[in-house]
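Using the hints provided, position chain B relative to the given structure of chain A.
Line by line, the protein sequences are chains A and B.
Start counting the first sequence at 1; every next residue gets the next number (this note's numbering).
Start counting the second sequence at 1; every next residue gets the next number (this note's numbering).
Treat the hints loosely; a few may be bogus.
What the hints assert, rightly or not - Now the in silico label distances, taken between C-beta atoms and shown as ranges:
#: 1; chain 1: A; residue 1: Ile60; chain 2: B; residue 2: Ser27; range: 16 to 24 angstroms
#: 2; chain 1: B; residue 1: Asn77; chain 2: A; residue 2: Asp8; range: 33 to 41 angstroms
#: 3; chain 1: A; residue 1: Ile9; chain 2: B; residue 2: Leu82; range: 24 to 32 angstroms
#: 4; chain 1: A; residue 1: Pro40; chain 2: B; residue 2: Pro8; range: 12 to 20 angstroms
#: 5; chain 1: A; residue 1: Ser70; chain 2: B; residue 2: Thr5; range: 36 to 44 angstroms
#: 6; chain 1: A; residue 1: His82; chain 2: B; residue 2: Gln18; range: 40 to 48 angstroms
#: 7; chain 1: A; residue 1: Ala17; chain 2: B; residue 2: Ile12; range: 36 to 44 angstroms
#: 8; chain 1: B; residue 1: Thr101; chain 2: A; residue 2: Ser39; range: 14 to 22 angstroms
#: 9; chain 1: A; residue 1: Ser3; chain 2: B; residue 2: Pro8; range: 27 to 35 angstroms
#: 10; chain 1: A; residue 1: Ser3; chain 2: B; residue 2: Pro70; range: 30 to 38 angstroms
#: 11; chain 1: B; residue 1: Pro70; chain 2: A; residue 2: Lys61; range: 31 to 39 angstroms
#: 12; chain 1: B; residue 1: His67; chain 2: A; residue 2: Ser52; range: 31 to 39 angstroms
#: 13; chain 1: B; residue 1: Thr97; chain 2: A; residue 2: Glu64; range: 22 to 30 angstroms
#: 14; chain 1: A; residue 1: Gly16; chain 2: B; residue 2: Ala80; range: 50 to 58 angstroms
The hints are simulated quantities; they were obtained by calculation from the structure and are not laboratory data.
Each residue gets a CB set at the ideal place from its N, CA and C atoms; glycine is no exception.
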Amino acid sequence: AQSVTQPDIHITVSEGASLELRCNYSYGATPYLFWYVQSPGQGLQLLLKYFSGDTLVQGIKGFEAEFKRSQSSFNLRKPSVHWSDAAEYFCAGGNSNSGYALNFGKGTSLLVTP
Amino acid sequence: DAGVTQSPTHLIKTRGQQVTLRCSPKSGHDTVSWYQQALGQGPQFIFQYYEEEERQRGNFPDRFSGHQFPNYSSELNVNALLLGDSALYLCASSPKTGGETQYFGPGTRLLVL
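Isolated chain A, as found in the complex:
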């Protein structure tokens, strides 16, 4: 089955520390992948997307993600976390076989400590 998995339910990092949120995908054909962020009670904001080409993609707010086919991963990274980055992060994916639906992971909740 085509799916996206986020292994970490909660992540806590200190402000200023680096961040890596994990995302694994299971797709037969080459997937397109996204990272979204959701603040409490809010909708989803697109951080970045990958379709093809350069496997390191840059997004908004200083985030980047790297597509690794050999590991079926698309991990989100940020070199220095700010307190305002505390939110829920969702990885989502799809491909030509899934049509137009995006499959979402269950999310990773990021807590930033002083």
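Okay, now just chain B, sitting in the frame of chain A:
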């Protein structure tokens, strides 16, 4: 440039009632998708509308139906509400070109009592 807008922001209904949620897509977008996000979960795809037709449907019962208007705005209707329908309902729009990328609205929080 206005993003995706949804109304209402919050709604309280009782079991068995019917509800209609509304969505206006981002300017220049012609495709609307609806997702249900239960508490503590990722969004689940309900269906997508394009050219006023349901183009794809997720694993949701027929109680969930929708409509798209000529101006590309959309409605989600849920009949015979169940307690389990309580969730955040998200609308997403996408352009004709590069339609894989979906941009989400703020959502409508539905509580069924």
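- Message: Could you work out which of the previously given hints the structure breaks and list their numbers from low to high?
- Response: none
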